[in-house]
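*Asks:* Take the sequences, apply the hints, and build the full model.
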Amino acid sequence: MIPLSVPAVSEATMPYVARLRVDPAAATDEADAVLVVEDEEGPSFSGLHGLLTLEGVCADALEGDVMLVQPDTGRAERLLRHGSSHNTLLVTERCDQLCVMCSQPPRKTHVDRFALFEQACLLARPNIVIGITGGEPTLYKDDLFGLIERVGTVRPDIEFHVLTNAQHFEASDVDRLRQDVFRRVSWGIPLYSNEPARHDEIVGKTGAFDRLQRSFHVLLLAGARIELRTVLIQDNIDHLPRLARLVASRLRFIESWSIMQLEKTGFARNRWAGLFVDHKVGFEPVAAALDYALLHGKAVHLFNFPRCTVPAQYRALAPASISDWKRKFAPACATCREQDQCCGFFEWHPDEHANAWISPL
Amino acid sequence: MIPKKFLVSSLLAAGFFKPQTIQAQLIQAASTPIDEGARLFQIFTQDHPLFFADHRSHRSHSSHRSHSSHRSGSGGHYSHTSHTSHRSSTGGYSGGSFYQAPAPRPSEPSPSSTPTPPEDTAAPFSTSTLGPRSLLEMPSSAAPDRATPPQLGPGAAIQARAERFRAIVRRVQIGLTGQGEYRGIIDGDVGPATRAALRRFQTSHGLTVTGTITPQVLDALRIASN
Chain A
1 MIPLSVPAVS EATMPYVARL RVDPAAATDE ADAVLVVEDE EGPSFSGLHG
51 LLTLEGVCAD ALEGDVMLVQ PDTGRAERLL RHGSSHNTLL VTERCDQLCV
101 MCSQPPRKTH VDRFALFEQA CLLARPNIVI GITGGEPTLY KDDLFGLIER
151 VGTVRPDIEF HVLTNAQHFE ASDVDRLRQD VFRRVSWGIP LYSNEPARHD
201 EIVGKTGAFD RLQRSFHVLL LAGARIELRT VLIQDNIDHL PRLARLVASR
251 LRFIESWSIM QLEKTGFARN RWAGLFVDHK VGFEPVAAAL DYALLHGKAV
301 HLFNFPRCTV PAQYRALAPA SISDWKRKFA PACATCREQD QCCGFFEWHP
351 DEHANAWISP L
Chain B
1 MIPKKFLVSS LLAAGFFKPQ TIQAQLIQAA STPIDEGARL FQIFTQDHPL
51 FFADHRSHRS HSSHRSHSSH RSGSGGHYSH TSHTSHRSST GGYSGGSFYQ
101 APAPRPSEPS PSSTPTPPED TAAPFSTSTL GPRSLLEMPS SAAPDRATPP
151 QLGPGAAIQA RAERFRAIVR RVQIGLTGQG EYRGIIDGDV GPATRAALRR
201 FQTSHGLTVT GTITPQVLDA LRIASN
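These protein sequences, in sequence, are chains A and B.
Per the UniProt record's numbering, residue 1 is the first one in the first sequence, and the count goes up by one each step.
Per the UniProt record's numbering, residue 1 is the first one in the second sequence, and the count goes up by one each step.
Careful: at least some of the hints might be erroneous.
To be verified - Residues from chain A shown here face chain B by an in silico Cβ test under 7 Å; the list is partial:
1) 4
2) 7
3) 9
4) 11
5) 13
6) 14
7) 44
8) 46
9) 48
10) 50
11) 55
What the hints assert, rightly or not - Derived contacts from chain B toward chain A, CB cut-off under 8 Å, selection only:
12) 158
13) 160
14) 161
15) 162
16) 164
17) 165
18) 169
19) 184
20) 185
21) 207
22) 209
23) 210
24) 214
25) 218
No lab work stands behind these hints: they were computed from the structure.
The beta-carbon is built from N, C-alpha and C at its ideal position, and this holds for glycine as well.
*Replies:* Here is the structure:
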């Protein structure tokens, strides 16, 4: 697993953002910190905020990374990794839903780091997509919109992908969301069932489905780009074909639909047996949903579906969806010829399960 | 904007640096409680255009890294995760660029042997056959050819990390002392006195005044180079 956070000693007392430069000639911004020295343990950098000593990662691996240095915890977060296309900012750990399979269970606390994230975005390398996640980012809607507007104005090359439960969009947001900068924002929104009660049950919030429809209305009026996300669990697998009808007929404005396999972490870790659906054994509902969506011209993808577990005719819909830093392959994958196209497994997925499940291509 | 080059030599020529007598340097060096082996070198380098040069090219000697992992017996490369295990198995080597031949030598502890005593009894760095290239590359806490004690537990790791950080700060403090801006002890802590000294130094040399150890400061003190 690629470390996203490394031990750090710095002379600063407050958190700050710095972009690391191994080659001093590449330092073009006052937020650039240049390599001072590197030894066996790790490199030291120096910038406007002074000296920064890191451990556990070599300098070359950090070249161009935008770091959030946190003196209070003695760590530095690699907010935007230069060589990666999977960069995500976690803007809050609060959430107003409590999904049964939540991979990142919410916390009550919130640390406002929007100003630091904004600085980081401005230092991003050209033409990247920056993911924004939580918790629920729209709990801090004004901060979030402000960040997108300001960064988007200065950096028209940057796109955002925001994961949100879409419980907080209001009619009054339409004008704001119609601005040009929001054309480069895509909203990843979960919808788990065509039945309101079942969706509410899964997300742990009464009225969530209805509130979501209201938000869809707002987003439709704003011309927002939406990626719908449906995580497969035992509670919704049989609803999938009907959900496909809802998506293809009622939610025509959705840009794409992602059907996602479960991630064994967070709540799903201990509830695995009651949640996980082995699509390899029973692919019919998934196939029916895919057929319907494709027939009606909806872009649809299978995320976190190892390619060999998907019937050959649907395999093209299963991309390498798992972020680089948390992706792994099981020992049994060693002989597979399609690894580079495959999502593989989450780092925390048990190898025993993966080994028994897959059949290398 | 950070200037890419700080023209120390031309500033010297223009008389911007305070003249230092040999005596002052000797006093400074003698009052420095660290770097026994470094002391003489420091005296002689203080006034030469000997930069903390080519750490870039130096780093490109990949053999250094592979040798060290070799010695540790871990077989890993110096990257991401493998060097963590490397460290925990044998302890890291400070003064990384001074590695000796990879073959085990009698004086060198084998991976399984008891670690060498800590810094104060360490052998002088002159056992190295390679000349030090800069102040920064000089070992500060252990001789280059000795292993540091294995770091067990998070406390030891934090301490080792802090020590690497402080080694650089100490060199900055030494440099500031040499410039007559710092009169405190060389303790490796960026405290109020060091910050004040940094500000004075930055002001008097026309650098961006931050009170922190910026690349400009390191350049001007010839602790880092471009």
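*Asks:* Which constraints among the numbered hints does this structure fail? Numbers only, ascending.
*Replies:* 1, 5, 6, 19, 20, 21, 22
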